[in-house]
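So the protein sequences, as listed, match chains P and E.
Using our numbering, the first residue of the first sequence is number 1, and each one after it goes up by one.
Using our numbering, the first residue of the second sequence is number 1, and each one after it goes up by one.
Treat the hints as calculated values from the structure; they're not laboratory data.
Careful, some of the hints might be misleading.
Each pair may be met inside one copy or between any two copies, as identical chains are not told apart.
Calculated lysine to aspartate or glutamate pairs in the EDC-like style (CA-CA distance at most 20 Å, straight line) [said to hold, decoys possible]:
hint: 1; residue 1: Lys158; residue 2: Asp257
hint: 2; residue 1: Lys4; residue 2: Glu202
hint: 3; residue 1: Lys195; residue 2: Asp180
hint: 4; residue 1: Lys88; residue 2: Asp300
hint: 5; residue 1: Lys158; residue 2: Asp135
hint: 6; residue 1: Lys55; residue 2: Glu177
hint: 7; residue 1: Lys228; residue 2: Glu276
hint: 8; residue 1: Lys228; residue 2: Glu160
hint: 9; residue 1: Lys129; residue 2: Glu38
hint: 10; residue 1: Lys151; residue 2: Glu177
hint: 11; residue 1: Lys246; residue 2: Glu155
hint: 12; residue 1: Lys228; residue 2: Asp135
2 protein chains.
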Amino acid sequence: MINKLIEKIRKTNAPIVVGLDPMLNYIPRHIQEKAFQEYGETLEGAAEAIWQYNKGIVDAVYDLIPAVKPQIAMYEQFGIPGLQAYKKTIDYCKEKDLVVIGDIKRGDIGSTSAAYAAGHLGRVQVGSKTWAGFDEDFATVNPYLGSDGVKPFIEVCKEENKGLFILVKTSNPSSGEFQDRVIEGRPLYEWVGEKVAQWGEEHMGSGYSYIGAVVGATYPEMGKTLRKIMPKTFILVPGYGAQGGKGADLVHFFNEDGLGAIVNSSRGIIAAYKQEAYAAFGELNYADASRKAVEDMIEDISGALNGRK
Amino acid sequence: MINKLIEKIRKTNAPIVVGLDPMLNYIPRHIQEKAFQEYGETLEGAAEAIWQYNKGIVDAVYDLIPAVKPQIAMYEQFGIPGLQAYKKTIDYCKEKDLVVIGDIKRGDIGSTSAAYAAGHLGRVQVGSKTWAGFDEDFATVNPYLGSDGVKPFIEVCKEENKGLFILVKTSNPSSGEFQDRVIEGRPLYEWVGEKVAQWGEEHMGSGYSYIGAVVGATYPEMGKTLRKIMPKTFILVPGYGAQGGKGADLVHFFNEDGLGAIVNSSRGIIAAYKQEAYAAFGELNYADASRKAVEDMIEDISGALNGRK
């Protein structure tokens, strides 16, 4: 799956991923009203609004991008109906041949991690049959529990030709509280990064490993160091745009081959119509605003990468 | 909710929680067969088997215990139908007046943690109405992302009278890989424990905080230290029984008042009928075997606590 991701990045010339993290207040009124008319102001109504909103965005941008990253929390907050919208979104994006990165940040001990891995990336056995629960292509994983929490995910990736992005340095302001603490002269995130590089070396696609890392755009200097510690690791970079990251800050997350990183933007793309720069599109044309925001993001990042050469 | 948990522990004289972590291979054949007859060998069939199995156990043990801890991964692996069984289990346990600890180990940055918190412990706004998605009483949380990942959960607990158990030292063999790394002379788990104690002090029930911690039974010495670092923190202790922890190892997780900890057993209770000690009950009477295993666990832990005095 890492090979497919790289192939699609090359083809679209866009090392970016659109974060499908819908909040109800991003969703244009006409979509909300229609959904509420049909299902009421219920969890089902919210889920329908989210799904229609996502579909509009995906239809408008799928040819420009290699991948999407739905954030499961934004669906899970609406309970079972929300998770049904999550699953529908995954299936639809896969129909559109997009690589789907499930931003689930799961992580637990042995058999429990194995259950998460089976449910999101693999299959479960029911009697004589096997079924896939959510079936994302990649998933994000939290490493706090150590190797035996991560390995069950790796095993499933190996069997199913899927991949991971493991949290190394997250984009939020207080990520340093534990991740930056110094152990034998080096911050914890470097130790985690080293471990990710090790896991990755044993699980290679062509050129890059299918065991990737998450490093926030908001910490470009750390990104530069981690790029060197994890040379064959694909880095998923959240925090671009709304969280403050810019294309020029991000060049060091990439290798000389122009690959090795994929930059996520969520709010900046899916709620573009709410920004001054795209307000002219209007609420009804929110998806066109998202398309323009994707084009601008590609230009920003490609420009920065070309400028480096 | 921490007050209710403590009141129920006092009433049952049982500082224990039953982990409802069903695996299909734990579930007696007669339950699986019935479920598959009705729904086929499908995700729906698996979910129905899980639900019937859980219901049998809950009916057999609810009067003996204060709380249950369903592990969401074991349901999530069966996709949407699995999560429907999770929700049904929560609702049923609450009907039986059990405190429900959702073992979800979520954790993300700001608005995303807020979404998880709303979905599991709080409510979401849909138009003019509010709805609860999963509505557990407590949830487990992963602290790797730092304060701004944890605080949205705390805020919801405050509003909704709910509680948390934050991972400090997990019970698995490789938990030490990152959690035990030494920072300024002390292991990371102590720093996390100190932070949990701080968060907790600002969010007190009567005597104990509703911001609790997870510390594995498999590390009794560390439990002793953490007990001192977090005197007003309720500790959820996984790893008893099947993972190797024994009652005598656990006394130091408790304060002198005999409170301050709640010990979880999952497989040891719910699949008791598979152990030699309870094999005489037979597969058909699996729930009676679970009841006997609960009684034995209470005796083991109470005995150890009384022995300390």
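Provide an ascending list of the numbers of those earlier hints which the structure does not satisfy.
Violated: hints 1, 4, 6, 7, 8, 11 and 12.
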